[in-house]
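Novice: Listed below, chain by chain, are the residues.
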Amino acid sequence: MTPKDPGEREHRLRRLHAENYPDLLRFVERRVPPSEAEDVVSTVFLTAWRRLDDVPDDARPWLFAVARRTMANQSRSWLRRRALDVRLNSIDPTETPDGAAGTAARVDLVRAFRSLSVADREVLALIAFDGLTTEQAATILGCRRTTFAMRLTRARQRLRDALAETPVKDHV
Amino acid sequence: MDQNMTDLAELSQLDPARDREPDAFETLRSEAALERIIAGRRPRNAVVWRVATGAAVVAAGVTGLLAVPALFPSAADKAFAGWTATPTPVDPQQVLPEARNCVKSYGGDPATVTAADIVLTEQRGIAKSLIVKHGGQALECMSVEAGDTYASQTLPAAPLTPANGLLSVDTRSSIGQGDTQYSHVVGFVTPKVTGIDLILADGRTVHTSTAGGWWTAWWPGPEAGEADTIRVVAHTATDSTEYRIAQLSSK
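Residue numbers (full-length UniProt numbering), protein chains in the order written: chain H, 1 to 172; chain P, 1 to 251.
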């Protein structure tokens, strides 16, 4: 239960911020350009302040869900594309420990990941990128844990299928 | 993550925020925003958000507003009004500010961008599109006014070889609703192709831009988000071949 005392409310919001700001910023930056991420994060904490009574003890999935809705419902420009699609790390051969072979494998992985639906990419990213449990991820997507687990299983299978079908392509 | 989750562990290598830690300035800004929230003021960095329906505007900020198309006539209206079915190529040097803003919007250093990094440019009315190389990837950005980036996406670092030896589609989408809905396509093309036209279901023809192994076009309307209503005509020196757009997926 959220304390009614204003000082305690402020203390709780500051604690939420201290414990979740880096994870929340990373969550948002995986989905929108970094230049816009801070605005989204600020909006999340504004929402948390206004709805502090609704924030559960395990606050992270609640905050992420607010961030997800913020990104989905608000568009800073009429041309916003792929607002909730997940971005990928760039492929730099010099940063790949096993050199060309590792780079080729990552190119395949990128292609396989990009071949999936946005919904599949989001399910995989919540686990692989955001490091959430299936229960937390289910909270963010507003579904049952068992439903999310099933979607994750199917998305992983489709990723494996796509990898099996994706040879390394020559560049033009 | 147990052994059965190794695929997810491998996938985590692609996490764009894998080693990301907020720096001291970001943390200070965020803490300052938090204090303003507690004090009953909105975060200084909150911006004017344009609602996706294109009609309503929600003002969420007071200061530090960015140049977003929140005023009427909207950027969409102006971009659509000046849209042309045939694009005009633009000298990369002339879109260097837009390219630098594009890279900056992805957290890159704009000062490192040169005209040589810009691999494709086009202009349709007041809207400029470009593809710029940045690090290990390519970025595609569109700007409408004052060089600001209004749309962007990441692309593969280099164009991939189309399976049919001529062209393929990498991404296609439609965005928005009603009068502000627009379509956008980006694909790969080989030097054998001299031009690509899109024929929409209503009979309109959209001429695309090609350069450096890429091709692209945008137009007002929903077609790129529809299942398979666009015909794509690839012209070569000897003939022309027509495809359904769904045939050309690079996936």
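Since the hints were derived computationally from the structure, they do not count as laboratory data. A virtual CB, placed ideally from N, CA and C, is assigned to each residue, including glycine. Treat each hint with caution, since some may be false.
Interface residues of chain P toward chain H, partial, derived using beta-carbon atoms under 7 angstroms [unchecked claim]:
#	residue
1	P16
2	P22
3	A32
4	S105
5	G108
6	T112
Novice: Next, verify each hint and record whether it holds.
Specialist: We went through each hint and held it up to the structure:
Interface restraint check for P16 (chain P): the shortest CB-CB distance to chain H comes to about 5 angstroms, inside 7 angstroms, so the restraint holds. For P22 (chain P), the interface hint holds, since its Cβ comes within 7 angstroms of a Cβ in chain H; the closest pair sits about 5 angstroms apart. This hint is violated: A32 (chain P) has a C-beta 10 angstroms from the nearest C-beta of chain H, more than the 7 angstroms allowed. For S105 (chain P), the interface hint holds, the least distance from its beta-carbon to any beta-carbon of chain H being 4 angstroms, beneath 7 angstroms.
Using the Cβ-Cβ criterion of 7 angstroms, the hint placing G108 (chain P) at the interface with chain H is not satisfied: the shortest such distance is roughly 9 angstroms. With a least beta-carbon distance of about 14 angstroms to chain H, the hint placing T112 (chain P) at the interface is violated under the 7 angstroms criterion.
The structure fails to meet hints 3, 5 and 6 from the earlier list, while all remaining hints are met.
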